[in-house]
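Undergrad: Going down the list, the protein sequences come from chains C and Z.
Numbering-wise (my numbering), the first sequence opens with residue 1 and increments by one.
Numbering-wise (my numbering), the second sequence opens with residue 1 and increments by one.
Mixed in with the good hints there might be a few duds.
What the hints assert, rightly or not - Label pairs and their calculated CB-CB ranges:
no., chain 1, residue 1, chain 2, residue 2, range
1, Z, Q291, C, S4, 49 to 55 Å
2, Z, A276, C, G302, 55 to 61 Å
3, C, P202, Z, V203, 52 to 58 Å
4, C, D280, Z, R33, 46 to 52 Å
Derived from the structure by calculation, the hints contain no laboratory data.
Heads up, the beta-carbon is just placed ideally off N, CA and C, and yes, glycines get one too.
Protein chains: 2
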Amino acid sequence: MTQSNKRVVVQEVGLRDGLQSLSQVMATDAKKRWITAAYEAGVRYIEVASFVPPKLLPQMADAAEVVAHALTLPDLVVTALVPNLKGAENALTAGAHRIVAPISVSEKHSLANVRKTPDAMIEEFARIRHLRDSKSAWRNVTLIGGLSTVFGCTLQGYVLESDVVRIALATIEAGADVVALGDTTGHATPAHVGRLLDQLLPVAQGKVTSLHFHDTRGLALANTVVALDHGIREFDASLAGIGGCPNAPGATGNVATEDLVYMLHAMGYETGIDIASLLDIRDTLTDALPQAPLYGYIAREGIFVGSVPTQLSARGVQS
Amino acid sequence: MTQSNKRVVVQEVGLRDGLQSLSQVMATDAKKRWITAAYEAGVRYIEVASFVPPKLLPQMADAAEVVAHALTLPDLVVTALVPNLKGAENALTAGAHRIVAPISVSEKHSLANVRKTPDAMIEEFARIRHLRDSKSAWRNVTLIGGLSTVFGCTLQGYVLESDVVRIALATIEAGADVVALGDTTGHATPAHVGRLLDQLLPVAQGKVTSLHFHDTRGLALANTVVALDHGIREFDASLAGIGGCPNAPGATGNVATEDLVYMLHAMGYETGIDIASLLDIRDTLTDALPQAPLYGYIAREGIFVGSVPTQLSARGVQS
């Protein structure tokens with residue numbers, strides 16, 4: 001690996017994808033503490049909130065305040081999810097550096113999630129792009145098409161790879177700076193990831209750069225290995241894997257940030273993140289969300305410093 | 001992948017590696033039911049027992065009877081672990097098709113496990129080989145050097161890759177037909193697996209063919225992806241991941257057989273194993289070992305038939 005090729009961005013999405021599935025609302029102060037602690041642990045990309053109507057998702061009612069706090073931290077790249085044009089306007093006004101709009105490849109999921117077909121959502125995405133371009137202050141904001149249900153869908157089942165390619169290209173055509181592929185429902189397998197990236201990367205104009213795995217079937221890290229082999233260098237993760245289905249104990253959601261970082265460092269990648277500091281933040285979660293189960297292997301087993309002596313380093317293995 | 005290249009052997013080791021760490025002794029009849037049910041699910045390689053002194057490990061006091069039962073099942077390849085020459089004699093007398101002797105690369109672990117240094121254990125291995133060769137009826141028995149603590153050791157910490165190579169070659173020199181690499185303590189990471197196989201395979205005369213991962217840090221399946229890429233086609237696994245440390249709830253041991261088979265089928269590999277039938281065997285474990293926690297993602301989440309429609313097939317994906 002070359003020096004630049006070793007750098008991997010790990011975006012913390014626990015504050016958005018993790019919290020949104022919990023019924024217990026996390027206090028705004030606790031969210032701020034979490035963001036600051038993650039920043040101090042070396043995290044430089046955080047998806048901090050979702051700009052949805054507070055009536056629909058009380059957990060995100062403080063989105064603008066949370067973004068404002070995150071913006072006080074130098075060099076932190078602040079991402080916000082926006083389900084529609086109104087949300088995008090609010091996120092842009094709040095000052096988010098990156099906004100991500102969810103575009104489900106599964107029509108059933110898209111209708112359930114944003115009450116629009118995938119094609120209608122791409123039209124909304126184009127409107128969001130025009131809004132972003134309408135003010136000079138917003139033009140530096142990165143627009144991410146967050147493709148969801150890319151590897152399967154609990155509502156629809158099978159998701160055609162050709163549909164993923166079609167929607168990814170349409171999203172790029174509509175103005176996406178980045179297309180992120182989300183395994184929203186934990187269906188991805190290593191071969192599926194490889195097959196899809198083999199089809200998509202040659203035609204995606206360098207814009208498919210970020211992947212988002214759930215550990216529902218224990219394959220998030222195996223899938224990550226395949227994505228790394230395909231040159232992907234940005235991954236979402238959620239501290240302590242929070243956000244698993246509250247009705248299925250043990251059913252994890254996003255892959256745990258600390259487990260992902262552990263594997264990346266052990267593989268010689270650099271994340272800039274200190275795992276021990278990440279682990280300390282779990283106490284903040286326990287205090288703020290006493291009912292939320294916390295997941296993660298490394299928290300239980302500890303960091304093994306035997307085979308990769310420098311993996312505790314914030315810069316990963318120096319090889 | 002070519003047709004033959006798609007075939008992967010999954011050896012069930014729950015009856016040996018799984019049970020040996022449980023204090024509750026499984027009744028012999030339950031072991032027989034498990035073996036028969038695994039066989040009916042398509043499993044054709046089972047490590048059924050360990051020939052150790054019953055005083056040391058009451059769980060394995062019925063080893064000869066369990067082997068005798070396994071031998072009644074046509075085409076089942078019956079493996080037994082033997083810690084020394086006496087155990088090898090008993091296993092050979094019982095009729096095991098393959099015997100595996102554990103050779104720890106970590107000296108501390110070797111002394112704790114078999115009260116011999118690694119080099120002394122290799123000498124014992126050579127004696128086992130001579131015993132095997134001493135009777136014509138035994139000469140077809142496959143002799144496996146089961147290298148343990150290959151990727152790290154809880155007692156010693158760091159395990160030198162050069163030590164692994166040295167001991168693997170000495171084990172081959174001492175007469176091993178197969179060298180299996182065991183991540184006894186769950187320390188392996190994907191890069192470590194790749195690095196070690198890159199060093200070992202070119203010099204191992206085709207004898208390093210089997211890997212044994214523990215899921216202690218959630219990396220067993222990620223490690224398996226790397227090993228598959230290196231051409232490894234035999235893996236150990238334990239139904240329901242039994243055998244995790246009884247003092248650390250949630251700390252899994254061997255990777256769960258059903259999770260491994262699920263990933264392999266989803267990757268287009270053929271195992272001959274039917275996952276739904278495997279999942280049914282978990283009830284046998286619950287009945288026989290009510291105190292033993294069962295692990296595994298697929299048991300909780302179900303088999304996803306969306307993205308890989310034929311993965312339920314006993315022969316895997318027909319592509």
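Undergrad: Hints the structure violates: just list their numbers, smallest first.
TA: Those not satisfied are hints 2, 3.
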